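Starting from the known structure of chain A, fit chain B onto it as the hints suggest.
Sequence lines, in order, name chains A and B. So in our numbering, the last spot in the first sequence is 242, and the numbers never skip. So in our numbering, the last spot in the second sequence is 320, and the numbers never skip.
One thing to keep in mind: the hints can contain errors.
As the list claims (entries may be wrong) - Listed below are the simulated EDC-like cross-link pairs for lysine to aspartate or glutamate, each with C-alpha atoms no more than 16 Å apart in a straight line:
#, chain 1, residue 1, chain 2, residue 2
1, B, Lys162, A, Glu83
2, A, Lys135, B, Glu108
3, B, Lys190, A, Glu72
Think of the hints as simulated: they come from the structure by calculation, not from any bench. Computed from a prediction, not measured in an experiment: that's the story for all the values here.
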Amino acid sequence: ATLCFQAFLQMCNLPVRVICRPNAEYMSPSGKLPFIHVGNQVVSELGPIVQFVKAKGHSLSDGLDEVQKAEMKAYMELVNNMLLTAELYLQWCDDVTVEEITHPRYGSPYPWPLNRILSYQKQWEVRRKMKAIGWGGKTLEQVLEDVDQCCHALSQRLGTQPYFFNKHPTELDALVFGHLFTILTTQLITDELSEKVKNYSNLTAFCRRIEQQYFEGHDRDSSTIAAPSSKRSLLK
Amino acid sequence: MAAPMELSCWGGDWGLPSLHPECLTVMAYAKFSGAPLTVNTINNSWRTPKGDLPVLVSEDIVISQPAKILSFLRKQKYNADYDLSAKQGADTLAYIALLEEKMLPALLHTFWIEAENYCSVTKPWFASRIAFPLSLYLPGKMAREALNRILLTKGGPPLYSLTEVEAQIYRDAKECLNLLSKRLGTSQFFFGDTPTTLDAFVFGFLAPIYKVCFPRVHLQEHLKQLPNLCRFCDDILTCYFRLTVSGHSPAGQDTADANLQKLTQLVNKESNLIEKMDDNLRKSPQHPPRKLTTLKLAAGGEESSPMSRLSP
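Chain B on its own, in the form it takes in the complex:
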């Protein structure tokens, strides 16, 4: 049963374990269900990626699509959905369909079709991780596949030009993000306190948009306006992937803390000084308001007592 399982996938950057949404989904699911996977990131070796990643290899079995990989893991008794009711299982399927229909086109577009993003970020990143000469061909192929998929599924009439298709898919993606945010609400994961398949899929699709630094980022800005989804991604990264969220090294964090302490001490000292000055002022005798000279003229007998009171 404990056959060694190896997962080949694209590597990561910008605080993510992988840049590819399907690879991220599988890695997240493996962490949630406790499956012991050895992760092999494709890194400029001559072992060319055959077909699509992620690919799971266990003994002689090779499985390539995320849905099939997850069902294989479940059969090996690594099940993250164990506590879900049947209805929640049904909801999972429905939300995954929603993600694939609405989020995936926009994700593909941001990575592969948006010209600035593709030329400055995606192509160099992927090309650096594939051996030459495949690096000249494979990113282009992936971009063509992405464009094909978007045009065939979304590009029918009445949307005739690519700009109209783009506008529609980004509208759909923003609506999908809003729906997910409403569904998540304030809970930590989608079905209570333990993460499940749906959390893996949502994380896989959202984290690349959230973290990768693209030049054209309107979807990222929209996502950042939904704080519960951002918190969801950050939680999974810190709890399950043990990467610091803000990217500060731990040493940097310590010095920041030390500075904060010093500042607090200074502020405390200042406030102590101010308090002392206050006390001094209060204790110091105050000059009472000067009595009018008419009093002196009024009564001679009473003159002495007010005068004695007047003296400091």
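Just chain A, with the same shape it has in the complex:
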């Protein structure tokens, strides 16, 4: 998710510095990551950050008409609903991944037994949420199928255009880029998730294009991209 913000801020031509901190969740005003610290203001989560940036005079979606804005919001919800939930599921509800990757990573800044306690707590929380929205009963195959459906929809919507709303990037592009890039570059036990995304060549081309356009030539950004594991500890 951090990547969505970096992409968004880059698209607005605003300079941004990324800092990794283990207690980042507690520094954020809403408990959610990431958040930005501007002067003496702290703003977290995509919605408020977009509003904040808009209030300062930068907006990516001014050129859209009402119907397109409605579509953009709908697609953003789709991405949040499907991709974000699938990522959470894979990290916390798939037993193999949880044991091998998530528990060590989440608990790494803390000494034993705090690391185990905190990661179990987080896992229990995530599983409760999954159950409430009806994903509790889903198997990994079903989740992957949902991700596939979502990517199919995104691929159809993108078509052969450079961005989702033709010539100019919008918040939706930043969001999609963030999620897809994370899926493509994070190492997991199985590569099935990234395989699903790679099936859609226009989506991979889209990611590469945005990476080249907005992230090339920034040393600190390439270092954060090359170290997805440290980035993930910031995310969750």
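Here is chain B on its own, set in the frame of chain A:
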């Protein structure tokens, strides 16, 4: 292929075929795609609802979630999205996600969590349709599930109290309604002239808010300010569910028409009378303005002719 399919769902009231949004969605989709479903409404029988409704039973297959039911129907060749382009199919998915994220919490809240609504409308209605003693337990369970869902998905910090969460979800729902209204515009359905999956979902979510008479109704008032969405719901109800929209019986409608006719006739008669009076007035000779007496004194010869003209 034509295996008999049975749909079990919650019944309806206030002009709707069902009160439950997911049941409504499935019923609407079945009507749009022409699928022959026999609909079984749960009605105080001992056949207790297992798990969540709606449930589709076809031969030995039991399917329970709306999305799965719809894909099953599509596999049976009852497809309402046949004419859609791939991009429109993608839009459908996106808008359904929007509905679930933004509208569903507010819908759940209006039905199950708002205390006045729950106690006076929802609980009695559902309890009357479930067999005793389950009627004591099941509505409470459904309310607890709804609260759980809302708190877990929306209730994280910085929203710490339920009132703040409520304010946020109603704001989201109103924004969602506005977005839907803009997307619908003036067309009859979301993708042209034939209804599709998206229309079924939107109808399923909006119709309960629109029609059910709750004591606390600010979302309904907001919806009524968006006439194209109201017209959309009414159209689907009249065309596909053959229920009169305003709730008048057809006989009542006829008498209203007869009264209207009589009134028109009376008005016509009145206007005829008024016209006649007008004509009479116009035809009746008017008294010309009286000439001054100075004329008489001026010329004696001309006196006779003006005088003759003066006489009626």
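The hints, checked one at a time:
A C-alpha spacing of about 14 Å is found between Lys162 of chain B and Glu83 of chain A, which places the hinted pair at or below 16 Å, so the restraint holds. At most 16 Å may separate the alpha-carbon atoms for a hinted pair to count; Lys135 of chain A and Glu108 of chain B meet this at roughly 15 Å. Distance check on the hinted pair: Lys190 of chain B and Glu72 of chain A sit about 7 Å apart at the alpha-carbon level, within 16 Å; holds.
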